[in-house]
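Given only the sequences and the hints, what does the whole structure look like? Please build it.
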Amino acid sequence: MTTMVKSAPSMLRRVSTSRSRAWTEVVVWCGVLVLAVVGSFLVGPASAAIDIVGRPLAPPSPEHIFGLDAYGMDVAVRVASAARLDIGVAVAAGLVVFVIAYPVALATGFWNTWWTKLILRLLDVFQSFPSIVLALTVVALTGNGAGNLIAASAFVFAPVFVRTVRSVVLSVREQVFVESALAAGVPPIRTLIRHVVPHTIGAAMAQTTIAVSRTIILVAGLSFIGVGIQPPTPEWGSMVQTGVAPTLNGAWWVALFPGIAIVATVMIFDRIGTLLGTLSLEAER
Amino acid sequence: MSQLLEIRGLDVRRTGADTPIVHDVDIAVGRRRVVGIVGETGAGKTLTVRAVLGALPNGLQAATDSASFDGEPVANLTETMRGLRGQRIGVVVQDPLGALPPIQSVGTSLLTILRTHRPMPKARAVERIKTALLEVGLRDPDAVMKSRPHELSGGMAQRVVIAAAFMTDPDLIVADEPTTALDPTVQAQILALLKREILARDAGAIIITHDMGVVAQVCTDVVVLYQGTVREAGTVEQVLGDPQDPYTKELLAALPNPNAFGADVDEGVHADEADGTEATAVVEMRDIVKSYGRKKPAVLKGVDLRVPAGRTLAIVGESGAGKSTLVRALLKLIPIDSGSITFEGTDVSGLSQRQFRTSRRDLQVVYQNPTAALNPRLTVRALIEEPLRTFPETAPTAAERTARVEELIQAVRLDVTMLDRYPTQLSGGQKQRVAIARALATKPAVVVLDEPTASLDLSVRRHIVDLLARLQRETGVAYVLVSHDFHTVRSLAHDVVVLYRGEVAEAGPAGAVLRTPTHPYTQQLLDAELSMVPGESAAQLDRGSESLVGGH
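Residue numbers (our numbering), protein chains in the order written: chain A, 1 to 285; chain B, 1 to 552.
Hints were generated in silico from the structure; no laboratory data involved.
Some clues are possibly wrong.
Said to hold, decoys possible - Here are the computed distance ranges between Cβ atoms for each label pair: (1) B:Asp-337 / A:Leu-122: 28 to 34 angstroms; (2) A:Pro-198 / B:Ala-200: 52 to 58 angstroms; (3) A:Ser-18 / B:Asp-337: 48 to 54 angstroms.
Every residue, glycine too, gets a C-beta built ideally from N, C-alpha and C.
Below, the structure is given as structure tokens:
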């Protein structure tokens, strides 16, 4: 027994070093995202992004490092300036998903009654449509402002969130310490908050991050096909779209740089999601 | 005489670490010898054996002064043993369900194992598996091969795993706690089977166990491990008959000793045996019927029980007898089909969860496995405080709560400094003490003890049993004790209910039921208890193996 006690601190230390490394990485990536958003304000007011600064389709040069687009607007300024919109819409959608879907996931995982089944069947219906079709419908019905895009994305990604996080809640619900609390007389809601939330919040945060990264792709996709954010407002998806024709004529810089921005942002959010997921899994051990 | 396996000076250490976790262990196994490796959790039993099997977890490495297998010197233990495993070494694992993939039939799994180690045509392999299954007492090998692991009972699954270990005709069998997960009645049969197969095949064996009863029963030699080093080793007659090391003596003292039964009764715990019927019942269950699903057979078929205030009612029976279902019904964690539950004079069978919640203050529970029952994210203080916060009238102010928590932690003989630790920082016995403190926090009238000692080491069990007995004397709480450990039952119970297949086989005062059982099943349960003295239960073992041959 003493061996167990002796080895416990060294084991804790081993886990905590890898945990603190993962947390550091999460903080670094969040810092990068914050910098991107702050930077988008630093490049100038919104109008700067639609200033025509030179000859259309001028290639990258020392003054305009990403070149100019078909209207003569600076691609670098536009890519930087779009960050607050793309990242902002995605994070807002993620928060909406978390605030609405996490309680639903907790409730449907904790209780099993008629309304649980009703909610789950409703989610099945929404999940049976491809996300882009569902989002298109919402945008068609409500219009294409940033607020509507947030609503559409949240609507599309909440069911996936509920499904995934609910499965985690279900497994925690089966833990003896949950039954132990209920048997001790702890009211169900308090049991849920004190015993289930701490063991599922990590998974919920990981799923939120995934919803955010999917929203970036969805919003960019909607804007690319012309039903999202409208030009000349800087937005990565619509910028890629305006770059399609120039690219065919050799002006590759118009579409490439916003494309890289989309890929990089999605990868960063996915990485954060993976790290949070691993951290929450490890905490369960 | 040349040994089958001989290992001298085995060290196991974490890669790069200086101090070994297992140090200087010698193991020698001859043919027709069974070596028992005993010790508590954390003593290094499993690591030792995994080193012998060349199956250490990543990050650990083994070193030996010398090693040989069947007369051949072994240079690289890990490499060589990895090659021999499955070929000449058969392994019986502790958790048979974990060893059999749940998604395929038992037959498919066994075929894969057999044909990996002994390439042969499928038809011949199937024949060989059937023979192996018949030899371990499974009468219908075709049905077993077609089933999925979860469709087998614990005893059947363990037999399948034993058949898997023996079907390649190994020279050495290694078994890690082969019977820990099983009922006492099944345990005896499985041990008899293991011993018979080992002798019949002229093989040798290493058995890991924390149970000296198992050692007395099947082993010829024993190695006592403590904190990774050998404390005592020798033949079973030497070590058990005349233990030299104080730790071995302690392990032996912790054994349930059927002869000590009378002494326990005289100690006063059961002195008031006659009063039981007159004391007011705090819980009464009448004609409880419960089945899981309409088409399933009933798990409880009209069970009655009565718990007098301040006394202990033990519910015994093998797994599947309905013990857990019965206490879960009593705790109102599952609905019952029919019957009535009276709690402190009120019929509560019809109450909703919400209505019953206030009564839970007087009805608390201690679970089998404290590691699972204590939320790892909460401190000991928060865990003990939770029931007090749930029923604020028990300790209305923060100061009273703190005082009560400190009083409770001292009552279970833990230090106040433990309050700010997390469960993972405590040992199993300490965790169970915390669980007991939590259960007693609201000064309940009844505490359900669901196998309170089953997950604990033998030497710790006795302390927990003593603690529970003392707390009952001090607080006057009534216990409903579920257990298949007769030592725990003997020490605590005033009354006993024997459950058999969902019905009460026998009920009455503990002394009468346990001393002079009338129902054949109670007799069988008591018989199954492993005797201490080597060889004494040989007759019982033979009976076990006969019933196996008879396909019982």
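Each hint tested on the structure:
no., hint, in the structure
1, B:Asp-337 / A:Leu-122: 28 to 34 angstroms, "33 angstroms, holds"
2, A:Pro-198 / B:Ala-200: 52 to 58 angstroms, "54 angstroms, holds"
3, A:Ser-18 / B:Asp-337: 48 to 54 angstroms, "51 angstroms, holds"
Consistency note: the structure conflicts with none of the earlier hints.
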